[in-house]
Amino acid sequence: MMNFEIDLDSSLRRFRTWALSYRGTITLLSVLGLLLIPPISGSEYYAQVAITAMIFTVFAASWDLLAGFAGQVSFGHSAFFGVAGYVTAALVRFYEVHWVLALMTGASVAVLFSLLIGIPCLRLKGPYLALGTLAFSLILLNLFMMGTILGGTEGISGLPVSQNLFMDFYLILAIMIVSLVVMRAIADSNLGTVMKAIRDDETCADASGINTTIYKLIAFMISGFFAGIAGSLFVLNATAVNPAVFQPLYSFYAIIMASIGGLATIYGSTIGSFLFVVLSESLRRLADMALLVFATVLILVVRFADEGLMNPILERSQELWDKIRGR
Amino acid sequence: MGLILEVKNLTKKFGGLTAVNDVNFEIKRGEMLGLIGPNGAGKTTLFHLVTGFEKPNSGSIRFNGMSITGKRPHRIVNLGIARTFQLVKSFRYLSLLDNIAVACLSPRGRRAFASWDIDEAASTILASVGLVDKARMPPVILPHGDLRRLEIGKALGTNPELLLLDEPFSGLSYEEKEGITKLIRRLNDEGVTIFVTGHVLRELMTLVPRVVAMHQGRLIAEGPPEEVANNKIVLEAYLGRGEKFA
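Taken in sequence, the protein lines are chains A and B.
Note that numbering that gives the first Met the number 0 numbers the first sequence so that position 209 is 208, with each residue one more than the last.
Note that numbering that gives the first Met the number 0 numbers the second sequence so that position 46 is 45, with each residue one more than the last.
Simulated from the structure, these hints should not be mistaken for laboratory data.
Glycine included, each C-beta is placed from N, C-alpha and C at the ideal position.
Watch out, some of these pointers could steer you wrong.
[Stated by the list, open to error] With beta-carbon atoms standing in for the labels, derived distance ranges:
| # | chain 1 | residue 1 | chain 2 | residue 2 | range |
| --- | --- | --- | --- | --- | --- |
| 1 | A | 19 | B | 139 | 58 to 64 Å |
| 2 | A | 12 | B | 185 | 40 to 46 Å |
| 3 | A | 11 | B | 143 | 44 to 50 Å |
| 4 | A | 318 | B | 139 | 22 to 28 Å |
| 5 | B | 16 | A | 152 | 45 to 51 Å |
| 6 | B | 129 | A | 114 | 41 to 47 Å |
[Stated by the list, open to error] Distance condition first, Cα-Cα at most 30 Å in a straight line; then the derived DSS-like pairs of lysine-lysine:
| # | chain 1 | residue 1 | chain 2 | residue 2 |
| --- | --- | --- | --- | --- |
| 7 | B | 88 | B | 70 |
| 8 | A | 124 | B | 88 |
| 9 | A | 124 | B | 70 |
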């Protein structure tokens with residue numbers, strides 16, 4: 000008991016130090032800002048936009064964990080997203096399973112699929128791995144489009160509609176924060192160190208006695224799990240699912256969002272997804288022209304911020320803040 | 000003492016080229032053995048075969064009496080054979096401390112440092128190779144000599160019984176060579192068996208009591224360094240046949 004109190008005390012102190020640091024303050028202010036969206040705006044539309052962005056944040060971060068930290072670039076992340084979505088939808092719609100259980104089952108099936116995709120694809124490297132994973136997601140897309148599996152092209156619809164969107168908002172916000180913190184903790188752990196080593200030089204990791212195959216599979220499974228959580232949440236929120244979730248487009252969304260935020264950061268995905276979702280919502284009126292604007296923004300980001308937006312923005316704004324305070 | 004490594008009739012072919020041709024040799028536990036030969040003699044291929052990075056076409060390799068022929072590299076490392084690379088390899092975006100920590104996190108490293116904190120183990124090793132003051136730096140900014148030390152440190156993280164050093168002196172200044180020589184001697188004194196290659200005889204002469212010489216994939220001589228250095232076949236391998244110059 001005594002020990003527990005001491006631990007709690009030291010972690011509280013560490014939290015205080017972190018909260019008072021520049022990054023900590025910014026993070027807490029951002030979370031506070033998010034918390035205030037529903038009461039201040041009072042609009043379900045804004046809450047829905049933020050929900051979509053938060054779900055994509057988890058999805059993009061899961062891709063970042065696999066590609067940014069373990070160096071395994073997947074172009075087929077929509078497979079995990081879609082499979083989990085379908086499992087969740089089927090369980091909720093046909094078996095009236097509680098959504099929490101359906102979400103966990105969906106994520107677990109995504110982990111199984113990550114093994115299914117990971118094992119054959121682990122022999123591939125670089126662009127070939129990307130193509131291999133892309134092929135897997137296309138196979139799934141066509142399987143679901145072609146046949147009558149779980150509703151064929153129509154998919155599954157008519158999932159229970161949420162009674163309180165603001166409640167969903169807070170739940171998804173909590174899930175996003177927990178997912179991000181867990182993924183970042185993994186990246187900073189010994190497991191993360193080994194994953195980064197494999198990313199930097201696989202031969203060298205092998206020569207350091209690391210079974211790279213096992214660690215790459217672990218990375219695939221963790222990434223698949225969180226992509227699955229995102230897919231399940233997406234389907235629960237949309238109250239429907241159809242084969243379109245397997246489109247390569249969704250994989251590219253994850254890649255784009257994680258890259259805009261900054262690779263190998265995990266937290267950068269928040270900036271990437273919010274920018275992406277808010278931008279595509281606000282450009283909706285421009286119809287096809289929106290794509291042009293969007294593509295231009297992307298090219299500019301890639302050209303001028305090759306390490307993504309999060310770290311440069313934080314560094315610049317901190318310098319500015321220090322200057323204002325006269326330090 | 001006993002034998003730590005026995006290599007028998009080892010052959011490796013790349014297409015039409017026989018890089019390692021029917022090679023036989025043994026390393027005694029605790030000894031320091033040198034492997035010399037001109038560039039392209041097959042030294043690195045031999046290292047790749049012993050450490051599992053290449054699979055031999057025929058022949059056998061036994062470590063501590065157990066066959067390790069064709070085993071995967073990480074398995075061989077975890078049995079107790081570590082190596083360094085001729086062209087230094089490191090984890091570019093990890094700090095030096097984490098570079099070593101990765102090796103300490105291998106199954107063999109974990110066993111060796113079971114009662115240690117991983118960072119503590121890694122910094123002890125960094126200190127022993129003389130890099131502890133640069134623990135937080137990434138390898139990309141290090142001079143070549145420090146990278147060679149880091150390579151040895153990474154190998155030590157797996158707690159090796161046998162350490163294979165591929166050209167540890169290449170590209171180093173005189174002072175750096177002195178430092179590495181001292182480091183290798185100390186490791187040997189601490190009980191690590193050393194197998195070291197070099198294409199410059201002089202560098203190995205002062206370090207090892209016994210060398211084997213390799214040329215065009217074959218072992219052509221064996222003995223104390225002075226003897227091998229004056230061996231007619233070895234001289235021909237390095238300088239070409241006498242009559243061509245005459």
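To see whether the hints hold, each was checked on the structure:
1. 19(A) <-> 139(B): 58 to 64 Å: violated (33 Å)
2. 12(A) <-> 185(B): 40 to 46 Å: holds (43 Å)
3. 11(A) <-> 143(B): 44 to 50 Å: holds (47 Å)
4. 318(A) <-> 139(B): 22 to 28 Å: The hinted range 22 to 28 Å holds for residue 318(A) and residue 139(B), with Cβ atoms some 25 Å apart.
5. 16(B) <-> 152(A): 45 to 51 Å: At 57 Å between Cβs, range violated.
6. 129(B) <-> 114(A): 41 to 47 Å: holds (44 Å)
7. 88(B) <-> 70(B): holds (21 Å)
8. 124(A) <-> 88(B): Holds, at roughly 19 Å.
9. 124(A) <-> 70(B): At roughly 21 Å apart (the allowed maximum being 30 Å), residue 70(B) and residue 124(A) satisfy the hint.
The structure shown violates the earlier hints numbered 1, 5.
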